[in-house]
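Colleague: Given next are the chains, with one letter for each unit.
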Amino acid sequence: MAVKTYISDDNKHLSIKVDERFDFSQHQHFRDAYNKFTEKGTLFTLDLSNTEYMDSSALGMILLLKDHAESIGGKIVINKPSDAVNKILEIAQFHRLMTIES
Amino acid sequence: MTVVSNKADIKLALVVDDSVMQCKVLSVLLKEEGYRVFTANDGARGVAMYIKYQPDLVLMDINMPVMNGFDAAKKIKNISPNSLCPLIFITSLDSDQAFIDSIDAGGDGILVRPFSPQVFKAKIKSIQRISDLYSQIKKLQQEQQKDAELAEELMSGVIESRNYGLDKISIVKKAAALFSGDIQLTVLCPNGDINILLGDFTGHGLRSSIGAIPLSETFRAMTKKGFSLIDIINQVNSQLYDLLPIDLFLCATFVSISAHEKSAYLFNAGLPDAYIFNDDGGIKHQFSSNHPPLGVLPRLMENSRLTIVPIEITDRVVLISDGIIEAGNDNGELYGVERFEVAAREGIIAKNLASVLMENIDRFCAGKPQEDDISLIDIPCNGWLRQMGVTEKTNSTNNNSLEAAYQTTSPDWQWNLKLIGKSLAAVNPVPMIMNQINDIEGAGEHWQSLFTILTELFVNALDHGVLRLSSSLKKSEEGFTQYFNEREKRLQNLEHGFININLNYFSLVEGGKVVITLKDSGDGFDSLELFKNNSAAEEHEQLLSGRGIELVNQLSDTLEFQENGTLVEAVYIWQNKKN
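Chains A and B are the protein sequences, given in the same order. Residue numbering for the first sequence follows the numbering used here, starting at 1 and increasing by one per position. Residue numbering for the second sequence follows the numbering used here, starting at 103 and increasing by one per position.
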């Protein structure tokens, strides 16, 4: 599977890790990864350390995740984006929309 | 070739068997299933009948004289490789090899004798079901393709064919799919400036182009009404936010080029850097994205504003989408910014940026299929200055009827607006006035000059009057930026001050007259000194400031400053065009 998830013991933290390519083909996997988590205040961490390519539909998917997180009073944090991915996030100025941790 | 088409619901079957007896048996069974049946007694004849009747089903014996069943099947499948017509082998060869050979020859199934009529009919039904499904998909696919082509035609026809100035601006658009998610718009402003947009909607294909029509309508309509670029961007953003689903948004660069101000206004939300090159291909300015894509946030982020830079007429503004930077080759390399800058430089020196760059990208990609839409807009800063208003302006001294009408005392209508304090920072009165005039007097070309007069007078009253900015700042490039930063700051902190705008409209026998007065709360200035400086500057062609008033002076019939320069009255007269 190109999208992996890890859940913390207290069920309050979901970590999503995407493979090398993060594009439209991941759409369904990506949605399935977080859709069922509706625990109030869940922290969603999106680990992009392995991701080397990301297209604009991936940016759209991140916005969907953000919307989901906020609808249940939670938050999204992007974790360790690779250089290539960071450049794309920077052009889209996503650091002004969410936390990006290097 | 004669094609007998089977229009009605009756399906045609072709039975190819060298045994006349077998042909008859199968024909009877097929007729019971509602088929119309043709028969042939050898492979070659079977192929000929197939071509002639284009059946919906073929039953084929294997061992036959002249041409055997495998060869005939291969021929038939070759004639129409994507045909929906299933072909079933009927044989008494009950071996694995016969089965494998049947499928290899292009058969869709095999029936081994002996079989009961029920088994035969069941087999035909099942194979026909698959074939029906196939034809349904095929039909849907064709319809979709047709819709997409129609929509594509509409898009390029309605949206991009209305672009302005394509004799000077070069636009490259290479779509990855039938539909490009990229959009390029160029529109002329009422005051002769030109507004340009390069946009990239999320993804490709039909889905990514649904926002294109509202985007182009808004961009075009607001530009033509004279709204400022930042107002347009604001409106586009909130419109796309309301309209598009969360994961669909627009990365875009907006540029406004003002030839008479010799400056460019830029805004980059999510696209790669935009460039201003000089005529040697050197990079004068580079503008990185400093705002999230449009349609993501309900409103633009606070303190969002345009970057303003001075330009020379020899400069070029170049906008690109990420499809250029991210074009890849088979070694997994990306084209990248450095290659782009080198190729752009070569292209500018060769005076053909677009084709030099595209050839360079093609060579780099070496045939690897394109993954993203590729877009480029190359705009020269030269050639936009129009002979504004000269033909529209009347020569009132030579026209008695106009001169008589000039004396009229009571206007047809008046319009007055006083903007005070904060409202000066928030409201641009010029589009409001233009709307008013269009509503009352109808549309007309001569309003373009009026628009320019109003804009210049308002900006002057605001900048130099209310905000007390000195135009001498704009004489150098550094000062130019400083000027606009300072302007922004003072606008934000504006508590007092006012501008009072008054319009009096008089209809004349063959045209009309508008008297515009603006009174501002500033300290005023020595207006005589201004005109003296201006005529001196004209000779040098270098001053970045003061152009506005000179332009107004040219466009209006009379221009007069009173009350120490805090009150200005401009009279604009036009004559209706004679047909």
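Since the hints were derived computationally from the structure, they do not count as laboratory data. Mixed in with the good hints there might be a few duds.
Stated by the list, open to error - Now the in silico label distances, taken between C-beta atoms and shown as ranges:
no.	chain 1	residue 1	chain 2	residue 2	range
1	A	Asp32	B	Val529	46 to 52 angstroms
2	B	Asp333	A	Ser71	30 to 36 angstroms
3	B	Asp541	A	Asp83	21 to 27 angstroms
4	B	Leu345	A	Asp32	24 to 30 angstroms
5	A	Ser71	B	Leu345	31 to 37 angstroms
6	A	Ser102	B	Glu579	45 to 51 angstroms
7	B	Asp206	A	Arg21	34 to 40 angstroms
8	A	Glu20	B	Ala468	32 to 38 angstroms
9	A	Asp32	B	Leu256	56 to 62 angstroms
10	B	Glu443	A	Asp9	39 to 45 angstroms
11	A	Asp67	B	Lys227	35 to 41 angstroms
12	B	Ile348	A	His95	14 to 20 angstroms
13	A	Asp67	B	Asn431	43 to 49 angstroms
Built from N, CA and C at the ideal position, the CB exists for glycine as well.
Colleague: Each hint: holds or not?
Modeller: Do the hints match the structure? See the list:
1. Between Asp32(A) and Val529(B) the beta carbon distance is about 49 angstroms. The supplied range of 46 to 52 angstroms therefore holds.
2. About 32 angstroms separates the C-beta atoms of Asp333(B) and Ser71(A), a value consistent with the hinted range of 30 to 36 angstroms.
3. A beta carbon spacing of about 55 angstroms between Asp541(B) and Asp83(A) contradicts the range 21 to 27 angstroms that was offered as a hint.
4. Taking 24 to 30 angstroms as the suggested C-beta distance range, the pair Leu345(B) and Asp32(A) conforms, at roughly 27 angstroms.
5. At about 20 angstroms, the beta-carbon gap between Ser71(A) and Leu345(B) misses the expected band of 31 to 37 angstroms.
6. Range check, Ser102(A) to Glu579(B): about 36 angstroms between beta-carbon atoms, so the 45 to 51 angstroms window is missed.
7. In this structure, Asp206(B) and Arg21(A) meet the distance hint of 34 to 40 angstroms, their C-beta atoms being roughly 37 angstroms apart.
8. Judged by the Cβ atoms, the range 32 to 38 angstroms given for Glu20(A) and Ala468(B) is violated: they are separated by roughly 23 angstroms.
9. In this structure the hint that Asp32(A) and Leu256(B) lie 56 to 62 angstroms apart at CB is violated, the actual value being about 36 angstroms.
10. At about 51 angstroms, the beta-carbon gap between Glu443(B) and Asp9(A) misses the expected band of 39 to 45 angstroms.
11. Between Asp67(A) and Lys227(B) the C-beta distance comes to about 49 angstroms, which lies outside the given range of 35 to 41 angstroms.
12. In this structure, Ile348(B) and His95(A) meet the distance hint of 14 to 20 angstroms, their C-beta atoms being roughly 19 angstroms apart.
13. Range check, Asp67(A) to Asn431(B): Cβ separation about 37 angstroms, and the 43 to 49 angstroms hint is violated.
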